[in-house]
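Asks: All chains should be built: construct the whole structure from the sequences, respecting the hints.
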Amino acid sequence: MKIAIGGIKFSEELLHVLYHRAEGCGPAFEAILGALAKARINIPFLTIDGGHGNEERLVFCVAAGDAGMVETLLRQLSLVPQQALSDGDGLSPPALVVRHQVGTLTLFPHRRSYVLLGRSIAALAAAGITVHSYCTSISALAINIDYRLLPRAVEVLHGLVDLPEEHSPFRPDFRIRQLAPERSA
Amino acid sequence: METIAVYWEAQIRIYGLTERRGLSLWTVDFPHKEIGSCAEMLAELDADGSFDLVFSHDAGTTGRLALVPGGEDVSRPRDALLWQRFETIPGAVVTRRYPVALLYLHGPHFQDRYGIAEAALAPLRRHDIPILAMGCAGTSVHLVVADLMVERVRAALAETFVL
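Those protein sequence lines, which keep their order, are chains A and B. Those letters in the first sequence? Residues 1 to 185, by my numbering. Those letters in the second sequence? Residues 1 to 163, by my numbering.
These are calculated hints, taken from the structure and not from any lab test. The C-beta atom is built at its ideal place from N, Cα and C for all residues, glycine as well. Accuracy of the hints is not assured; some may be wrong.
Label-pair ranges, simulated between beta-carbon atoms [claimed, not checked]:
| # | chain 1 | residue 1 | chain 2 | residue 2 | range |
| --- | --- | --- | --- | --- | --- |
| 1 | B | Thr18 | A | Thr72 | 33 to 41 angstroms |
| 2 | B | Leu148 | A | Arg111 | 26 to 34 angstroms |
| 3 | A | Arg148 | B | Asp112 | 19 to 27 angstroms |
Reference listing, derived: stretches of chain B covered by chain A, where coverage requires no fewer than 3 residues with Cβ under 8 angstroms from a Cβ of chain A [unchecked claim]:
| # | segment |
| --- | --- |
| 4 | 120-129 |
| 5 | 135-143 |
Derived DSBU-like pairs: lysine-lysine, alpha-carbon spacing no greater than 35 angstroms straight-line [claimed, not checked]:
| # | chain 1 | residue 1 | chain 2 | residue 2 |
| --- | --- | --- | --- | --- |
| 6 | B | Lys33 | A | Lys2 |
| 7 | A | Lys9 | A | Lys38 |
| 8 | B | Lys33 | A | Lys9 |
Replies: Okay, here's the thing in structure tokens:
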């Protein structure tokens, strides 16, 4: 039986960054996030896994339009991207892996149910679509895959979920951009 | 079409901060090729409960899953079931931390605004509060900390957010 959901939406094209830090080597996560905030760069997706003693991992996405600035900021923090980890045997921290042309597929609502979450990821994996990362919010499931595969992912998920008849377009037709307040004299 | 927003806030306003205590944080390291079987295992949990936070990432040859089951799921039989299920994933290394607290705050257009993640992380780091896990997607920020840290987390977050 298909799972009824409220909708699916696509993000704009994103840069996906994984930073693995251990034993206090490499810049702290707050230094990276502070540099991005100072440069007024929005982070629409972020996870931190810090529950492994001296080892911690940061994953975040930024808009593709901010990619050049983000890579410059990371270099200024002495972080140089490594080759895709799939080429090697693992991750030797501190390590930085940058993936271009990623997109977020957002399904909502998840209703805190394991079924939508588990079956969606399993279906994408079975279709050969690499899931780079995912995270739940209060009501939605955000899945990061290759940007070009977003339409293919929807085709795969059509076998799993029921969408409302008058579903809005998957791709947003507007964006919101935050400006800094002007300083008062 | 583009909408431009300017926020005139000395501190960031939020819709609310919710906390849940006495939870478990599960972490599963698995060969990334097993992401499908790991997800299938999650789907099979549905009859037995719900989640408060789940995230995962691909680190090349390995993947990592972090899971905070719903508060109603903290029990010895439930934990035994989770251990049993996770151990069916070939090559999985499972850890569980208990008790932890989950705090989540959500605010207007958090997904479209710069500086939100730093505003949540930096005060906790300044006060040497270890962050076990953090997830930001959509309009919400989830923080997982040791249960005994909750009051300190609230005090630290009050430096940057209007709680």
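Asks: For the segment 135-143 of chain B, does the count of residues with a C-beta closer than 8 angstroms to a C-beta of chain A reach 3?
Replies: Holds, because 7 residues of the segment 135-143 of chain B bring their Cβ atoms closer than 8 angstroms to Cβ atoms of chain A.
Asks: Can you confirm whether the C-alpha distance between A/Lys9 and A/Lys38 stays at or below 35 angstroms?
Replies: Judged against 35 angstroms, a Cα distance of about 29 angstroms means the pair holds.
Asks: Would the hint linking B/Lys33 and A/Lys2 be met if the CA-CA limit is 35 angstroms?
Replies: Distance of about 26 angstroms is within 35 angstroms: holds.
Asks: Taking the CB of A/Arg148 and the CB of B/Asp112, does the distance hold inside 19 to 27 angstroms?
Replies: holds, 24 angstroms
Asks: Using C-beta distances, would you say chain A covers the segment 120-129 of chain B, given that this needs three or more residues below 8 angstroms?
Replies: holds (count 3)
Asks: B/Thr18 and A/Thr72, beta-carbon distance inside 33 to 41 angstroms?
Replies: Taking Cβ atoms as reference, B/Thr18 and A/Thr72 lie about 37 angstroms apart, which means the hint holds.
Asks: Between the beta carbons of B/Leu148 and A/Arg111, is the distance compatible with 26 to 34 angstroms?
Replies: About 31 angstroms separates the Cβ atoms of B/Leu148 and A/Arg111, which means 26 to 34 angstroms holds.
Asks: Holds or violated: are the alpha carbons of B/Lys33 and A/Lys9 at most 35 angstroms from each other?
Replies: Cα-Cα ~26 angstroms, so holds.
Of the numbered hints stated above, none is contradicted by the structure.
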